[in-house]
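> Residues per chain are reported as follows:
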Amino acid sequence: MPTSEIAGSHDLALRHQFVNQEQQRDASSMGMWLFLVTEVMFFGGMFTAYLIYRHANPAAFMAGSLALSVEYGAFNTVVLIGSSLTMALAVRCAQLGQRKALVGWLIGTILLGATFLGVKAVEYHEKWENHHVPGPTFNFDTAKEESTKDHPEAQASSKSVEMYFSLYFAMTGMHALHMIIGIGLMSVLTWMSWRGTFGRDYFAPIEYAGLYWHFVDLVWIYLFPLLYLIGRRHTF
Amino acid sequence: MLKYFPLWPDQASNFAGSVDGLYIFLVLVSIAMFVLIGAASITFAVVYRRREGVEATPIEGSTILELIWSVIPFIVFMIIFGWGATIYFDERTPPRDAVEMYAVAKQWMWKFEHPEGQREINELHVPMGRNIKIIMTSQDVIHSLYFPAFRIKQDVLPGRYTTLWFNATQVGEFHLFCAEYCGTQHSNMIGKIVVMQPAEYELWLNGGNNGRTSLVGTGQKLFTELGCSTCHKSDVQGRGPVLAGVFGKQQLLQDGRLVKVDEDYVRESILNPQAKIVSGFQPIMPTFQGQVSEEQLVSLVAYVKSLKAEGQPSNVAQAQPQQVK
Amino acid sequence: MSTAAAAPGSNYLTNGSSVSSWLLTKDHKRIALLYLLSVTFFFFIGGIFALLIRLELLTPQGDLLQADTYNKVFTMHGQVMVFFFLIPVVPAVLGNFLVPIMIGAKDLAFPRINLLSWYLYIVAGILMLWTLALGGVDTGWTFYTPLSSQFSRTNVVMAAVAVFINGFSSIFTGLNFIVTIHRMRAPGMTWNRLPLFIWAHYATSVIMVLGTPVIAITLLLVGFERMFHLGIFDPALGGDPLLFQHLFWFYSHPAVYIMILPSMGIVSELIACFSRKRIFGYSAVALSSIGIAVIGFLVWAHHMFVAGISLYAALVFSFLTYFVGVPSAIKVFNWTATMYKGAVTLTTPMIYAIGFLGLFTIGGLTGLFLAALGLDVHVTDTYFVVAHFHYVMVGGVVMAYLGGIHFWWPKITGRMYPEFWGKLSAMIGFVGFNLTFFPQFIVGYLGMPRRYWMYAPEFQVWNVLSTAGATVLAVGYLMPLVYLTWSLRYGPVVGDNPWGAVGLEWMTTSPPPTENFLEPPVVTWEAYDYEHIKEVPVAY
Chain A
1 MPTSEIAGSH
11 DLALRHQFVN
21 QEQQRDASSM
31 GMWLFLVTEV
41 MFFGGMFTAY
51 LIYRHANPAA
61 FMAGSLALSV
71 EYGAFNTVVL
81 IGSSLTMALA
91 VRCAQLGQRK
101 ALVGWLIGTI
111 LLGATFLGVK
121 AVEYHEKWEN
131 HHVPGPTFNF
141 DTAKEESTKD
151 HPEAQASSKS
161 VEMYFSLYFA
171 MTGMHALHMI
181 IGIGLMSVLT
191 WMSWRGTFGR
201 DYFAPIEYAG
211 LYWHFVDLVW
221 IYLFPLLYLI
231 GRRHTF
Chain B
237 MLKYFPLWPD
247 QASNFAGSVD
257 GLYIFLVLVS
267 IAMFVLIGAA
277 SITFAVVYRR
287 REGVEATPIE
297 GSTILELIWS
307 VIPFIVFMII
317 FGWGATIYFD
327 ERTPPRDAVE
337 MYAVAKQWMW
347 KFEHPEGQRE
357 INELHVPMGR
367 NIKIIMTSQD
377 VIHSLYFPAF
387 RIKQDVLPGR
397 YTTLWFNATQ
407 VGEFHLFCAE
417 YCGTQHSNMI
427 GKIVVMQPAE
437 YELWLNGGNN
447 GRTSLVGTGQ
457 KLFTELGCST
467 CHKSDVQGRG
477 PVLAGVFGKQ
487 QLLQDGRLVK
497 VDEDYVRESI
507 LNPQAKIVSG
517 FQPIMPTFQG
527 QVSEEQLVSL
537 VAYVKSLKAE
547 GQPSNVAQAQ
557 PQQVK
Chain C
562 MSTAAAAPGS
572 NYLTNGSSVS
582 SWLLTKDHKR
592 IALLYLLSVT
602 FFFFIGGIFA
612 LLIRLELLTP
622 QGDLLQADTY
632 NKVFTMHGQV
642 MVFFFLIPVV
652 PAVLGNFLVP
662 IMIGAKDLAF
672 PRINLLSWYL
682 YIVAGILMLW
692 TLALGGVDTG
702 WTFYTPLSSQ
712 FSRTNVVMAA
722 VAVFINGFSS
732 IFTGLNFIVT
742 IHRMRAPGMT
752 WNRLPLFIWA
762 HYATSVIMVL
772 GTPVIAITLL
782 LVGFERMFHL
792 GIFDPALGGD
802 PLLFQHLFWF
812 YSHPAVYIMI
822 LPSMGIVSEL
832 IACFSRKRIF
842 GYSAVALSSI
852 GIAVIGFLVW
862 AHHMFVAGIS
872 LYAALVFSFL
882 TYFVGVPSAI
892 KVFNWTATMY
902 KGAVTLTTPM
912 IYAIGFLGLF
922 TIGGLTGLFL
932 AALGLDVHVT
942 DTYFVVAHFH
952 YVMVGGVVMA
962 YLGGIHFWWP
972 KITGRMYPEF
982 WGKLSAMIGF
992 VGFNLTFFPQ
1002 FIVGYLGMPR
1012 RYWMYAPEFQ
1022 VWNVLSTAGA
1032 TVLAVGYLMP
1042 LVYLTWSLRY
1052 GPVVGDNPWG
1062 AVGLEWMTTS
1072 PPPTENFLEP
1082 PVVTWEAYDY
1092 EHIKEVPVAY
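Residue numbers (this note's numbering), protein chains in the order written: chain A, 1 to 236; chain B, 237 to 561; chain C, 562 to 1101.
Simulated from the structure, these hints should not be mistaken for lab results.
Certain hints may be false.
[As the list claims (entries may be wrong)] Subject to a maximum C-alpha distance of 30 Å in a straight line, what follows is the list of computed DSS-like cross-link-like pairs (lysine-lysine): (1) B:K496 - A:K149; (2) A:K144 - B:K342; (3) B:K457 - B:K342; (4) B:K369 - B:K457; (5) A:K149 - B:K469.
All chains should be modelled from the sequences, with the hints used to inform the complete structure.
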């Protein structure tokens, strides 16, 4: 179904403060990129903490990492990369004015995002049951844990493994929060797309939501090896 | 006049003179700059005040002038930097012969311990003319030990040791403040430092001393009580490394890193033994976290420090840096 | 979008008078006024705390307040003043009003985000007041761990959330400014022709965008530790309390430049206008703003010389700190040189500007004391530091801000303030400020630690002087509130350009129309082209 009839003309989409479409496009894309810069700084604070503590306590980080499930992590990585693909396809459809396909790919992105969060929830739950959540109930004895007892290089005190898990929950938690915000954003955009708000002339919000989604994906691409794989380098 | 409007704290340590010297220099530089800017702006405002029919002379700028007033301040800044850094270097480098005292800070109290085992609260007696080094840690939040008359201050952190040193040059009682905000009674976490003639200090030390154990002695006792000595034997290789003579040396770790054996490393090894395993040993030592207080830790550290090497077993020799590479 | 063209004769103030036309406005000028009101409100809240502090410190004993109350009072004073007054005051009020007009744009690039910024600020402010109502916070505005994360029994999380939300207000303002300055300049408005006010706001915005997220995540981690036991700064888990300080100052030192750079921008405008000359060395002043912003990110650990950082780290950070001194010195010299062979008029804004010059010079020079390592050991965490940063952040920022408010008042409101009262309040403020804070340098060198509720008796004389000064200062700050409000109704209506100033904001009407210009401007002249302006000032 052609959407140009619904998707407004140039003038309608041009906001009053801009002189022309070009200025509007330049401004909004620059704004989006700057926003992503602030996001980099935001996660940067936690990555700094991670680097410092891992350097100070490599064994504890290895122990904590061994206790994570690589299967879940790898599965979620694939899911997120897949969602980046569906997102890219959604942007493409928006540019081509294909309304139904756009809605479809957006829903696909939402589903993959929800899958990721579902797996994350299962993982968090297992951590809770295993007393691997920091706090009064935390308990991690590297000499007794199934995952670490045969790894002499991953023997560390319970307290320093707790630090690893503090960072694990802070970093993946903030990442998950960004995913939830992303899914919320996608839901609104799906609704708007369904109503035909976007078309060949006006698809910037889809494009920027895509940038955001890819950014959140990228953060995970860093989190996965840093959190899940550090303990396993010599098993390959 | 100065009695009612004091401008200066007492000068009672080796640092006081040099810090005050830099201060006076900076005050003079500041006065010169301030007078220059102030006089220029007031003069210009008066001399070039707007008059009927007189227009402002257009001036774009002057690269030469701008270079001059960038380069000259920069040179002055570098002099200040060098001067300040020299003093700081001194302040941060305790002499080897310094008497080591320990301080444990807690909300809202200072606890001091002399090597002879004398303990004090919110009060520290020191001999004049001797280099004193204070090794400090905190039981809770960050504090900061500050002696204004000595011009010296150092934050006291939980979970590690920091040090400060001085050489008192004047007999008397001086302020001791906590300078890092630490909660409700921060401004009550104060006391005094009493500087005495060395002879009087000896008298004071012996004064209340009926059978008091020295700090090292307390540590030694604790070392046995906690069972440390079953693995860390004094002469032959036990399940743990021999500790004699290791303090101050480089230690080779299981994962190939080298660490310096200092107060922090000893402390960490007691509380978090698995963090840094000495090469050639198994990570079997249990943690003593929660079982020893900061004060007991201090005495254990002092004890380990006091252990001199005699006929070093091979594993300690192996830890010598020159043999590692 | 329906208000694209204003009716002839109407301006941004008369274009709609309903409550929603204000609370839902996307006009940057109206948002600036919303900020003006809210920022002023928080200034006086913070000011009340300041007076309580000064009253308590009148005597060495802790007699007026409880220790606990006193700690909360100085904490709230710091948090309100830093996060809710000093950081937003110039960018969000004058910057919001002037940035689009000065570059010839109709509005900021993202008007809705601009309004969102104000709402975030208000939500954060309400949370802050609520924290206050629930008993306040006693960690100091610096939130140092582990005091804040484990030991304080007050509502730290709520205060941290307030600062966190407020941070996003700041981020969005900065983002809006950067995009607007990059993309929305009028034809002919090249980077070399930008007013220095714009350069300063550009530099500030860069800091807002890069620095603020770091404090946001840092405070969030403190909140996580309190709420979920994620002990990232917990020494018991091997956490490093110094990591918090590094992350905190990575933002909070540059935050000082968020405050001072826009103020420097104002001073450049004022001195150029009232000397009727182009700023001496325009490029140097412009680039020094950028220089300060960039180097400002490399000096944060100079707050930590006695905190337990390594000797060599301290040397490096002290060394770098002196590099920030150079561009600041260039600015001060260039401003002074601008007056040389000018046609100087000592109007209220100019008196404020010269006052700024004096106070900022003292603030900057005492910064040299604190950057000098060996001396910093003695004076850090004492009243010397308190005096120093008040000279820069209050002396500097508030002087410049009030100068700017007086200067652009006829543009914002269309009416002139009473000149006599303006000059008087500027001078009272200057004297009161020095009387309040100069004694603190001395008592700081004597060794009085900051954040002390009780103190040794020999410090009293300087504290009494300081408290006396604070009352004078309060008068100096209250007077403008009174006569500026009065002038809204009774001030004489002056023309579009009462100062005979150059700059696009003076070429539109006073107050400006909703879209700022009746005709889209085209710029064909350099900044501060006073040589060629024909108009004769009429207001004084």
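> Now tell me, hint by hint, if it's right for this structure.
Hint check results:
1. B:K496 - A:K149: Judged against 30 Å, a Cα distance of about 29 Å means the pair holds.
2. A:K144 - B:K342: Answer violated: K144 of chain A to K342 of chain B is near 36 Å, above 30 Å.
3. B:K457 - B:K342: Given that 30 Å is the threshold and the Cα spacing comes to 25 Å, the pair holds.
4. B:K369 - B:K457: Judged against 30 Å, a Cα distance of about 24 Å means the pair holds.
5. A:K149 - B:K469: With Cα atoms ~28 Å apart, K149 of chain A and K469 of chain B stay inside 30 Å; holds.
Consistency with the previously given hints fails for number 2 only.
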